[in-house]
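Undergrad: In case you want the letters, here they are:
2 protein chains.
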Amino acid sequence: MRTIKNAFYAQSGGVTAVINASACGVLETARKHKTRIGKVYAGRNGIIGALTEDLIDTSLEPPAAIRALKHTPGGAFGSCRYKLKGVDKHRAEFERLIEVFKAHNIGYFFYNGGGDSADTCLKVSQLSETMGFPIQAIHVPKTVDNDLPITDQCPGFGSVAKYIAVSIREAALDVMSMSRTSTKVFILEVMGRHAGWIAAAAGLAGEKPGDPPHVILFPEVAFDEEKFLMKVKESVEKYDFCVIAVSEGVRNAEGKFLAEAGTRDAFGHTQLGGVAVEIAQLVKSKLGYKYHYAVADYLQRSARHIASKVDVEQAYAVGKAAVEFAIKGHNAVMPAIVRTSNQPYRWKIGMADLSDVANHEKMLPRNYITKDGYGITAACRRYLAPLIVGEAYPPYKKGLPEYVTLKNKPVKKKLKTEFKL
Amino acid sequence: MRTIKNAFYAQSGGVTAVINASACGVLETARKHKTRIGKVYAGRNGIIGALTEDLIDTSLEPPAAIRALKHTPGGAFGSCRYKLKGVDKHRAEFERLIEVFKAHNIGYFFYNGGGDSADTCLKVSQLSETMGFPIQAIHVPKTVDNDLPITDQCPGFGSVAKYIAVSIREAALDVMSMSRTSTKVFILEVMGRHAGWIAAAAGLAGEKPGDPPHVILFPEVAFDEEKFLMKVKESVEKYDFCVIAVSEGVRNAEGKFLAEAGTRDAFGHTQLGGVAVEIAQLVKSKLGYKYHYAVADYLQRSARHIASKVDVEQAYAVGKAAVEFAIKGHNAVMPAIVRTSNQPYRWKIGMADLSDVANHEKMLPRNYITKDGYGITAACRRYLAPLIVGEAYPPYKKGLPEYVTLKNKPVKKKLKTEFKL
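Residue numbers (the working numbering), protein chains in the order written: chain A, 638 to 1058; chain B, 638 to 1058.
Any given hint could turn out to be false.
Which copy is meant is left open, so a pair is good if it fits within one copy or across any two.
[Unchecked claim] Listed below are the simulated BS3-like cross-link pairs for lysine-lysine, each with C-alpha atoms no more than 25 Å apart in a straight line:
1) Lys739 x Lys722
2) Lys726 x Lys946
3) Lys946 x Lys1057
4) Lys669 x Lys1044
5) Lys1057 x Lys875
6) Lys1051 x Lys1034
7) Lys671 x Lys965
8) Lys927 x Lys870
Rather than coming from a laboratory, the hints here were simulated on the basis of the structure.
Go ahead and model the full structure; you've got the sequences and the hints to work with.
TA: Rendered as structure tokens:
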């Protein structure tokens, strides 16, 4: 008789509007395979929950609550920014993981995160080899940054992309109305420290030449102040207004973040605002235009109310596939989204080796950015467009979305020892 | 036989997610009364369109385009920030208006705006008396600030309120997930220079004691740094995180805007960020918590994708009623929303005298703010809650809302003279 092992699931890194949809996929699928997988214990605050034996018994949540995860943003079990240091450097962490996993009969490890988390997952997957502890570790992809390799998109990205495209289309209509006597320039700051995927998504808002956004500032393109100002001036002279999407990660020619470059302040004070303010001040001081700026920040990655239906489905699918991979005996793999057709858009789930995923960043290809560096190309549009299709509205009660809060009851601790992080 | 007069309609001040729904109400209703109202000419960019004889012939727009205004944010004909100075001070402006109105046989004046625009509308309504030109001027209320008197709410406000309540509920779930190892404090900056209506709407996101937002900063409550920091600290110690909604209009005890108070910078440099940055820096420097902040800016007032259904209906209704008032022979009035029941929420359209509306601001009553100054009371909740009920989603195509752009064909000019603004 096969021993039934329990599973560990945790969320890691910045959360998204659909990471809980992946959790839903993991939990619902595990519940369908009770002869293979026992209980699913969720780590409270990611891997920290495993290290501190702070486990949540998901079996105590009713099916309706698990189902509601599919439309609830944020990380239902708490997330963390915590990177395992590697067996050679910090053996104690791995010994502790094994101790906790043994105590709770855990044989499956599902880790839901981005690049750093894939690295953590890879290290856990090697515990069998490195420390003789049998475990199957499957990574569940998630990141709004869309910078994981192999998978066609990263669940979480499609919804941010939709939020940004919708928001900038709406704000552009506002600015256009106001430009005669008031605001000429509107700036929307979006996430993306290293890769310009989210900034690129703003480009979807415009369909014809001249449609806003008129300028996109990518982290991949060194900021050229003079050229930028000329572009803004041209737009205002032609359309009477200018809409700009700026990635938080925009850098100058020396590779310094614009938000930290201190170009504005002769006293060398630390940047206090962020890149939107920086750009706004530049436009005001050099061109004299009235501006408004918005900083989407967490709103963009938690906006489940306007999530992409495709994204929600893919987020669920990678969670489901992770459990199916585990049941089939796989280790050190990640379900990846494979695009099989562009028109009509079709996709399926493939399997990626975790060693090919961890610590590789997928940047925006240069041919996705127009020659002048301020827009997206047709190739980029072909890639992005299907990812924002469809609405997947959450249920509402009295005008507000009904998001679930789980009970998150702790599993009784079995170890006497505490672990210092 | 009665002469059929044409009508003038224009949008004024900051636009909203539903000002075009009011335009739709005006235009559809006028089209139903062709024996009484001829063509409706829209002013391009508000009253400026009248002064410069820059009129748009709305009769050239097909019914489907007019219908689509109901779900399109921004101001379809362009808005303006331009206040008529009064007959005594600037007679030339009024003479010009009469000249343009006469040339185009305009007998009805519909002005869609807030407090300042009500003042403009009132002045136009007095043209019969002051300058012997027969006109009926009806004001169509609109402002996200919700500060017009008499009307129970101002169309545009309900949708901003919904956007803010939904957004902060979502962002709070994000911060809650991250707080163990990362962000402890999240700040959302919202509009409202003078009145805290929008900030108050953030309070709808929380339903039980302890629910986020934990702190709301109103323009009506003088900012007390020490007390505020203690409140944030308490929240972080109790819940591990703190969510703050801050009105752009928050002031210190001396009545100075916090965003301009320069409390942060000993060199007295002009504030570059805005109040969210100010608050964020304060929290970081005094309490050491990691923060994130978002600035909703134009996103909040253009977010037609998450507009309140009640708000859309009321915006349409005031447009419709304005035309009906005109047909009944009224002048110098404004359709007002009258709440006839709280539970179930019921409302009807009443009529307000424009002289009671212009230049009066309706502030947030003190009994809508909790004793400690950081939350909303049950009375406030009773007032606000019905205004965000219902979703009125726009149609989508390929993942993006389909907003209409009108042809906005100009009416042929009849005057030889130009008018300098």
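Undergrad: Does each hint fit the structure? Answer for all of them.
TA: Checked hints:
1. Lys739 x Lys722: Within one copy only: 21 Å inside a chain, 80 Å across chains, cut-off 25 Å.
2. Lys726 x Lys946: neither (42 Å within a copy, 58 Å between copies)
3. Lys946 x Lys1057: neither (41 Å within a copy, 52 Å between copies)
4. Lys669 x Lys1044: Intra 21 Å, inter 56 Å, cutoff 25 Å: intra-copy only.
5. Lys1057 x Lys875: between (61 Å within a copy, 22 Å between copies)
6. Lys1051 x Lys1034: neither (41 Å within a copy, 54 Å between copies)
7. Lys671 x Lys965: This pair counts as within: shortest intra-copy Cα distance 14 Å, inter-copy 72 Å.
8. Lys927 x Lys870: within (12 Å within a copy, 37 Å between copies)
Hints 2, 3 and 6 from the list above are not met by this structure, while the remaining hints are.
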